[in-house]
Structures are given as structure tokens and as C-alpha cells.
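K.L.:
Keeping the supplied structure of chain A fixed, place chain B upon it in accordance with the hints.
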Amino acid sequence: MIEKNEWPQEPGHIAMAVMGSGGDIKKIWNKSNEDEVEDARRTFYDMRRKGYLAFRANKDGGRGEQIREFDPDAEQMIMVPPMQGG
Amino acid sequence: MVWYNDRPTGGWRLFTSTQGTSLESDETWSRWIIRPNNTCADIVWPRWLSDSATTATDYLVDWPTRPHIDQAAFSRESFERTAHAISPQPRNPEARNRARQILVEHLSQAQKDTLEKHGYFDVEAGGRWFRIYGNSFQHNIFELDANGRKIREYCAHTSLACPREDHMLAQKFMIEASFEEFARVANIWDLRGHRRIIHESGREVPPDIISPYGQPMVSA
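Chains as they are written, first to last, in the working numbering: chain A, 1 to 86; chain B, 1 to 220.
Quick caveat, the hints were computed from the structure, so don't treat them as lab data. Some hints could be false.
Said to hold, decoys possible - Sample of chain B residues with no beta-carbon within 12 angstroms of chain A, all distances over it, derived:
id: 1; residue: Glu116
id: 2; residue: His118
id: 3; residue: Ile141
id: 4; residue: Leu144
id: 5; residue: Gly148
id: 6; residue: Arg149
id: 7; residue: Ser159
id: 8; residue: Ser178
id: 9; residue: Asp190
id: 10; residue: Arg196
id: 11; residue: Ser211
What the hints assert, rightly or not - Quick list of in silico lysine to aspartate or glutamate cross-link-like pairs, EDC-like style, CA-CA up to 20 angstroms:
id: 12; chain 1: B; residue 1: Lys112; chain 2: B; residue 2: Asp122
id: 13; chain 1: B; residue 1: Lys150; chain 2: B; residue 2: Asp122
id: 14; chain 1: A; residue 1: Lys4; chain 2: A; residue 2: Glu36
id: 15; chain 1: A; residue 1: Lys26; chain 2: A; residue 2: Asp39
id: 16; chain 1: A; residue 1: Lys4; chain 2: B; residue 2: Asp122
id: 17; chain 1: A; residue 1: Lys31; chain 2: A; residue 2: Glu10
id: 18; chain 1: B; residue 1: Lys150; chain 2: B; residue 2: Glu105
id: 19; chain 1: A; residue 1: Lys26; chain 2: B; residue 2: Glu181
id: 20; chain 1: A; residue 1: Lys4; chain 2: B; residue 2: Glu200
id: 21; chain 1: B; residue 1: Lys150; chain 2: B; residue 2: Glu124
id: 22; chain 1: A; residue 1: Lys26; chain 2: B; residue 2: Asp113
id: 23; chain 1: A; residue 1: Lys50; chain 2: A; residue 2: Glu34
id: 24; chain 1: A; residue 1: Lys31; chain 2: A; residue 2: Glu3
id: 25; chain 1: A; residue 1: Lys26; chain 2: A; residue 2: Asp73
id: 26; chain 1: A; residue 1: Lys50; chain 2: B; residue 2: Glu181
Stated by the list, open to error - Derived Cβ-Cβ restraints for the label pairs, each shown as a range:
id: 27; chain 1: A; residue 1: Lys50; chain 2: B; residue 2: Arg192; range: 19 to 25 angstroms
id: 28; chain 1: B; residue 1: Gly193; chain 2: A; residue 2: Pro11; range: 39 to 45 angstroms
id: 29; chain 1: A; residue 1: Lys31; chain 2: B; residue 2: Ala146; range: 43 to 49 angstroms
id: 30; chain 1: A; residue 1: Pro11; chain 2: B; residue 2: Arg149; range: 29 to 35 angstroms
id: 31; chain 1: A; residue 1: Ser21; chain 2: B; residue 2: Pro206; range: 29 to 35 angstroms
id: 32; chain 1: A; residue 1: Lys31; chain 2: B; residue 2: Gly127; range: 45 to 51 angstroms
We put the CB at the ideal spot given by N, CA and C, even for glycine.
With the rest of the complex left out, here is chain A (with noise of 0.2 angstroms):
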């Protein structure tokens, strides 16, 4: 699995976009990978044990549809820090 700041343009790569103080970075991986997808499947179930949300929408203006458990086959998957009143 790799990181970077833009969706992959690769077909067949899929990414999560976690979110953090830094802005945003995009973790991406082959589908087509077993050891990928294992290592994004580690990585989605250790973010939730962190309280993390993860959320799925499709583009231009998708309702956002929270997972629970991983998906490996959505293109798009946004991971949001814990929630908390202000």
C-alpha cells in the first residue's frame, strides 16, 4: 500500500482518504493484490479501533453512507477522525 495526496488515476487501485492535521493523504492499493488489500483491511480495522469513521459517497453531492466493515471493493472510502461537541 502506498501513500499519496491525489486519487489514483491507476484502474483497478483503490484508495482511503484519511483525514488529519495535516489535511488529507490518500492510502491506495491494487485490488488485484492480496497482500494489499490485507494490508488495507489491517489498516481500515486498526483506524476504527482509533474511533475513526469511515464513510463512503459517490461524487458530486452522494449521500454519505458509513461503513462498518471493509469494503474492498469500494473505489472510494473517506476516513474520519472521532467526532466531538464543540
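P.N.:
Quick look at chain B alone, frame taken from chain A:
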């Protein structure tokens, strides 16, 4: 109606309203503070002091849309300068740019238009409408009634110092997909009449906040 000081013509003693009325008096400030029934003290200062600030909240939050400011002349630069004073952003401009890009990617055209023109966009969830402002990452979400008036103020944001646009996207997703969870973590104020807090973060959410019409919220 908003009162402002017309210093060039009258000094501190002259106050002019956006409705064209004016008041010149040595007692102006004391009237604003101690005589809330006085028409010139109708809006800003007593409410700011008493924290019953429907109008004061509007005054603070609707910064780009104050009636006596020509919106066309209110530059984006001024808006960002004000917004930065309210919620300082990461110094890395690339982080802001990425956050802006990912936010805009997940907005409809109507949402993009209002964000660009007015600094906010509206989100619908379960038949209810929420307005998310971009000038701050906190105290920036308002529930609207059927007439577009603000009836509740919500404050919930990510726990990290993310770029403001990341907060906004997270708020949008939470409201759309997990409103019950969002309402549980948010601090919530009722803006009808006196502004008063009606829910504190982490506590059980009153049923009327989650489902005011007796119907469950739509959730993913």
C-alpha cells in the same frame, strides 16, 4: 436590523440603524446595556450580554450576509480573513487545497453554488434541512425550519485540527448517514426565543431532536 456606529459623521455618539433611523445621545451605550426595551437596544448588546442571541448569533455567523453589507462588494478575501480569525487553519496551503477539493467532489452543483456565493451549503436528512457554514469548524451548523429560519444550532467537529473543509465534509457525512450519533456528540442550542443549550455532548439525546415528527430518521 443591525446597529452600527457611523463614526465619520457623528462620532461615537451617533448610531444609525440599517432601517435608516438614528440615535444621538450621551446615554447611547448605557441604553444599549440597561434598557432592552428601548428600540435602539432592541437587538445587539442586551442579547450579546444575556446570551439569548438569535439575532446576535445571526450577526456573528451570517457575517457575509449582514444586510448593510453589499454582498457583491464583500470580497472573498475579507471573508477568509474573518474566517481565519475565528478558526485558524493549517499553514500548509496544499492541505487546504486537498481538503477543498475532496469537499467539492462530494457536493451537488447546488451545494457548490451556495458554498461559493454565500459560504455555506445545505444538507437534507430525514426531511430536515441543515446549513453548514464554512467560516468556522465549530458552531457552524444550523437546523432550518420550513421557512428557512434557524431553529437549532449544532456544534460538533472532528477531534483533530483538520482543515476547515475536512470538518465540513465530516459534518455532512455524519448528518446524512449517522444523525443520531451526530446529535449525541454535538452540543445543541435551541434558537427559538432565548438561545439556550438543550443538549450537551455525550448525553442521551431528547427524542424530539432525533425525530421531531415521531418518525425515525433515515440512516444508512
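K.L.:
Does each hint fit the structure? Answer for all of them.
P.N.:
To see whether the hints hold, each was checked on the structure:
For B:Glu116, the condition that its CB be more than 12 angstroms from all CB atoms of chain A holds, with the nearest at approximately 14 angstroms. Listed as outside the interface, B:His118 is consistent with that label: its C-beta sits roughly 17 angstroms from the nearest C-beta of chain A, beyond the 12 angstroms cut-off. In this structure B:Ile141 is not separated from chain A by more than 12 angstroms, as the shortest Cβ-Cβ distance comes to only about 10 angstroms. Every Cβ of chain A is farther than 12 angstroms from the Cβ of B:Leu144; the closest lies at roughly 18 angstroms, confirming the non-interface assignment.
Its beta-carbon lying about 20 angstroms from the closest one in chain A, B:Gly148 satisfies the requirement of being farther than 12 angstroms from that chain. Chain A leaves B:Arg149 outside its interface by the beta-carbon criterion, the shortest separation being 22 angstroms against a cut-off of 12 angstroms. Its closest Cβ contact with chain A, about 5 angstroms, brings B:Ser159 to no more than 12 angstroms, contrary to its assignment away from the interface. Annotated as non-interface, B:Ser178 brings its C-beta within 12 angstroms of a C-beta of chain A; the closest such distance is 5 angstroms.
At roughly 16 angstroms from the closest C-beta of chain A, the C-beta of B:Asp190 stays outside 12 angstroms, upholding its exclusion from the interface. With a least beta-carbon separation of about 16 angstroms from chain A, B:Arg196 lies farther than 12 angstroms from that chain, consistent with its non-interface assignment. Residue placement check: B:Ser211 keeps its beta carbon more than 12 angstroms from all beta carbons of chain A (closest about 18 angstroms). Among the hinted pairs, B:Lys112 with B:Asp122 is consistent with the structure: their alpha-carbon atoms are about 10 angstroms apart, no more than 20 angstroms.
Restraint check for B:Lys150 and B:Asp122: satisfied, since their Cα atoms lie roughly 12 angstroms apart, inside the 20 angstroms limit. Distance hint between A:Lys4 and A:Glu36 is fulfilled; the C-alpha atoms sit about 15 angstroms from each other, no more than 20 angstroms. Of the pairs offered as hints, the one joining A:Lys26 and A:Asp39 holds, with about 14 angstroms between alpha carbons and a cut-off of 20 angstroms not exceeded. A hinted pair counts as satisfied when its Cα atoms are at most 20 angstroms apart, and A:Lys4 with B:Asp122 does not qualify at roughly 31 angstroms.
Straight-line distance between C-alpha atoms of A:Lys31 and A:Glu10 comes to about 11 angstroms, which keeps the hinted pair within the 20 angstroms bound. Between the alpha carbons of B:Lys150 and B:Glu105 the distance comes to roughly 27 angstroms, so the proposed pair goes past 20 angstroms and is violated. A C-alpha spacing of about 26 angstroms is found between A:Lys26 and B:Glu181, which places the hinted pair above 20 angstroms, so the restraint is violated. Restraint check for A:Lys4 and B:Glu200: the C-alpha separation of about 38 angstroms exceeds 20 angstroms, so the hint is violated.
About 14 angstroms separates the Cα atoms of B:Lys150 and B:Glu124, which keeps this hinted pair within 20 angstroms; it holds. Under the criterion of a C-alpha separation no larger than 20 angstroms, the hint pairing A:Lys26 with B:Asp113 is inconsistent with the structure, at around 27 angstroms. Between A:Lys50 and A:Glu34 the alpha-carbon distance is near 24 angstroms, which puts this suggested pair outside the 20 angstroms criterion. Straight-line distance between C-alpha atoms of A:Lys31 and A:Glu3 comes to about 15 angstroms, which keeps the hinted pair within the 20 angstroms bound.
Taking the CA atoms of A:Lys26 and A:Asp73, the gap is about 16 angstroms. The hint holds against a cut of 20 angstroms. In summary, the hint linking A:Lys50 to B:Glu181 is supported, as the alpha carbons are separated by about 17 angstroms, within the 20 angstroms threshold. Checking the proposed 19 to 25 angstroms range against A:Lys50 and B:Arg192 shows it is violated: the Cβ atoms sit about 38 angstroms from each other. Checked against the hint of 39 to 45 angstroms, the C-beta distance between B:Gly193 and A:Pro11 comes to roughly 57 angstroms, which is inconsistent with it.
Taking the beta carbon of each, A:Lys31 and B:Ala146 are about 45 angstroms apart, inside 43 to 49 angstroms as hinted. Distance hint check: the CB atoms of A:Pro11 and B:Arg149 are about 48 angstroms apart, inconsistent with the given range 29 to 35 angstroms. For the pair A:Ser21 and B:Pro206, the supplied restraint of 29 to 35 angstroms holds, since their beta-carbon distance comes to about 33 angstroms. Range check, A:Lys31 to B:Gly127: about 37 angstroms between beta-carbon atoms, so the 45 to 51 angstroms window is missed.
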